[in-house]
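Enquirer: Sequence:
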Amino acid sequence: MFKTVSGTFNVFFIRVTCVATETCILPCSYQGGSDALIHWFHVTPQYVRIHAYYHNQDQLYFQNQRYRGRTSLFKDQLSRGNASVQLTGVEVQDQGRYRCFVNAGGAIKVSLVNLKVEDTRNMTV
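Under mature numbering (1 follows the signal peptide of the UniProt record, and there is no 0), the letters of the sequence shown match residues -21 to -1, 1 to 104, in that order.
These are computed hints drawn from the structure, not numbers from a lab. Please read these numbers as outputs of a predicted model, since none were measured by experiment. We treat Cβ as the ideally placed atom computed from N, Cα and C, and that holds for glycine. Incorrect hints may appear among the rest.
What the hints assert, rightly or not - Here are the simulated lysine to aspartate or glutamate pairs, DMTMM-like style, with alpha carbons at most 20 Å apart:
| # | residue 1 | residue 2 |
| --- | --- | --- |
| 1 | K54 | D37 |
| 2 | K95 | E70 |
| 3 | K54 | D14 |
| 4 | K95 | D14 |
Unchecked claim - Computed spacing ranges between beta-carbons, pair by pair:
| # | residue 1 | residue 2 | range |
| --- | --- | --- | --- |
| 5 | T(-1) | G85 | 37 to 45 Å |
| 6 | Q38 | T2 | 18 to 26 Å |
| 7 | Q56 | R100 | 29 to 37 Å |
| 8 | R100 | V(-6) | 13 to 21 Å |
| 9 | T(-5) | F53 | 35 to 43 Å |
| 10 | R76 | S51 | 14 to 22 Å |
| 11 | V22 | R47 | 15 to 23 Å |
| 12 | D98 | S58 | 30 to 38 Å |
| 13 | D98 | Q10 | 34 to 42 Å |
| 14 | V71 | R47 | 26 to 34 Å |
| 15 | Q72 | I4 | 14 to 22 Å |
| 16 | R100 | R45 | 13 to 21 Å |
Produce the entire structure from the sequences given, and follow the hints as far as they go.
Expert: Take a look at the structure:
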């Protein structure tokens, strides 16, 4: 937990392993409620935006093109605090650290997800 001038926020670290070409869920949760602001980033030197949600709808105008059509939230579960993002067609290049930022009514939560991608297509038996 971190204390700032404006309040307190929590940071969580999660590890996820997914298989290339399949669907993967990057977990993120918060206290729940309405009107949440959710930002997902692939943490690279440029902080690549993979998904954004605010004003009760997806905001994908600034979404990185590599993630277009590959991300979605569980909108029916947002009020219960599920801000996880589903990533389809996982690619080896997707491997790395992701940041989920949620601001719900002034309560801020940050989750860092370390994604490992296994490429079973090149494995021999």
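Enquirer: Could you run down the list of hints and mark each one as holding or not?
Expert: Hint by hint, here is what the structure shows:
1. K54 x D37: Answer holds: K54 to D37 is near 9 Å, not above 20 Å.
2. K95 x E70: Measuring from Cα to Cα gives roughly 10 Å; hence the hint holds.
3. K54 x D14: holds (12 Å)
4. K95 x D14: The hint is violated at about 31 Å.
5. T(-1) x G85: 37 to 45 Å: holds (40 Å)
6. Q38 x T2: 18 to 26 Å: For T2 against Q38, whose Cβ atoms are near 22 Å apart, the range 18 to 26 Å holds.
7. Q56 x R100: 29 to 37 Å: Taking Cβ atoms as reference, Q56 and R100 lie about 32 Å apart, which means the hint holds.
8. R100 x V(-6): 13 to 21 Å: holds (19 Å)
9. T(-5) x F53: 35 to 43 Å: violated (20 Å)
10. R76 x S51: 14 to 22 Å: For R76 and S51 the Cβ distance comes to about 20 Å; the hint holds.
11. V22 x R47: 15 to 23 Å: holds (19 Å)
12. D98 x S58: 30 to 38 Å: holds (37 Å)
13. D98 x Q10: 34 to 42 Å: This hint holds: roughly 37 Å between Cβ atoms.
14. V71 x R47: 26 to 34 Å: For R47 against V71, whose Cβ atoms are near 18 Å apart, the range 26 to 34 Å is violated.
15. Q72 x I4: 14 to 22 Å: Hint holds: Cβ distance 18 Å, inside 14 to 22 Å.
16. R100 x R45: 13 to 21 Å: At roughly 19 Å between Cβ atoms, R45 and R100 fall inside 13 to 21 Å, so the hint holds.
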